[in-house]
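> Input sequences plus hints: build the corresponding full structure.
Given next are the chains, with one letter for each unit.
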Amino acid sequence: RGRANENICELSLVLNFNILSSQLLLLLSAMASDGGVSCLRRSEMMSVGIGGMDSPPLDVDEVHVLAVDDSLVDRIVIERLLRITSCKVTAVDSGWRALEFLGIDNENASAELDESSSFRQVPVVIMSSENVITRIDRCLEEGAEDFLLKPVKLADVKRLRNYLTRDVKLSNGNKRKLPEDSPPLTLSPDSPDSSPPPSTLSPDSSDSSSPPLSPVEIISSQLSSPIDDEDDDVLTSSPESSPSPVRRQKMRSPGLD
Amino acid sequence: MDAHVAQLQMQYRNYILSLYQQGFLDDQFTELKSLQDDGTPDFVAEVLSLFFDDCVKLVGNMARALDQTGTVDFSQVGANVHQLKGSSSSVGAKRVKGLCINFKELCEAKNYEGCVRCLQQVDIEYKTLKAKLQDMFNLEKQIVQAGGIVPQVDIN
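Just so you know, the protein sequences line up as chains P and U, in that order.
What the first sequence shows, in UniProt numbering, is residues 1 to 257, in sequence order.
What the second sequence shows, in UniProt numbering, is residues 1 to 156, in sequence order.
Rather than coming from a laboratory, the hints here were simulated on the basis of the structure.
Quick list of in silico lysine to aspartate or glutamate cross-link-like pairs, EDC-like style, CA-CA up to 20 angstroms:
id : chain 1 : residue 1 : chain 2 : residue 2
1  : U       : K57       : U       : D123
2  : U       : K132      : U       : D27
3  : U       : K141      : U       : D37
4  : P       : K158      : U       : E31
5  : U       : K141      : U       : D42
6  : U       : K132      : U       : D53
7  : P       : K158      : U       : D37
8  : U       : K130      : U       : D27
9  : U       : K132      : U       : D26
10 : U       : K57       : P       : D93
11 : U       : K33       : P       : E79
12 : P       : K158      : U       : D27
13 : U       : K110      : U       : D67
14 : U       : K104      : P       : E130
15 : P       : K88       : U       : D37
16 : U       : K57       : P       : D70
17 : U       : K127      : U       : D26
The following block contains the structure:
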């Protein structure tokens, strides 16, 4: 694993958030009155680059979840759920505070993005108590990785680990061929405790336009497999690699669980 | 095995089961309990305490919103109902949640009397639940004080 990390660092143009050496995932509750949420959903916010001069080596197992929810009860519950799944948690009560935490405000958001630098895309997962298909689809079209129906359970949170981004955009354009798409998924509020069930969100979503966010490529299988190391392919994501935000490859990464 | 402890444990089990059977609690409560461990022995109590604080606040907001001498802002009432629905759902407070669902419809229909009645029901319901859960926690305490451990109750 150390060697695989070196590969990442070498090509490493992975920039971390200046305060985090772990991977960040944004868990957003669909709050009614908070304009901060729509702000966060802007595509600039989905990809954040921060000048990281001396990035610490990426601790691929550590996930930091920034949970945003205006309900205190829900924040406490989600914090607990996330801690149990070994995630570092920061829970804030509004989109604005989330932006503050990220150290990003509107003016600076696009200034940070630089073509030659690679950046990590921050996966966004939406939570809501409303099980409205059109709304769910809309969230996904806007680039959310997934949608959790409240009340959130441990099984749902465990799924979040699958959306860790290992996106590494390399200036040498090194790409890796994606495996076959997994079958379309159906969203169900009662996910079983095992790995994510196949789910479909809506009958017509499969032909929708490609998302603003590139799909997440998972390199953990490289990094955490005990016999990796000889394979120094580094995964990257490419916009054309998957037509639908809901297609997801099944994770086979013993190291992460 | 201490007979007294066994009796308390049986009482506890039956009590919990009755709470589920009578619809006070649902599987989200079970989920919360499962998140508690020796390292976080007060987790459920803490969450519930926050929930009941929320109830007080939100019911107060709704009462004020419904107490207008002029026009009632039903969207304001509805917003509070939505929040209460959310937190009751998150803790497994099944009856409160159910009432909130009705309440929401009444707000949307701008049914003033319906809303007032429903608010009264919500008020009674959360207080009832609070008392029931207090009894549950007391039983847990008694068991522990008698030297026993609080049993995991299998709902199904």
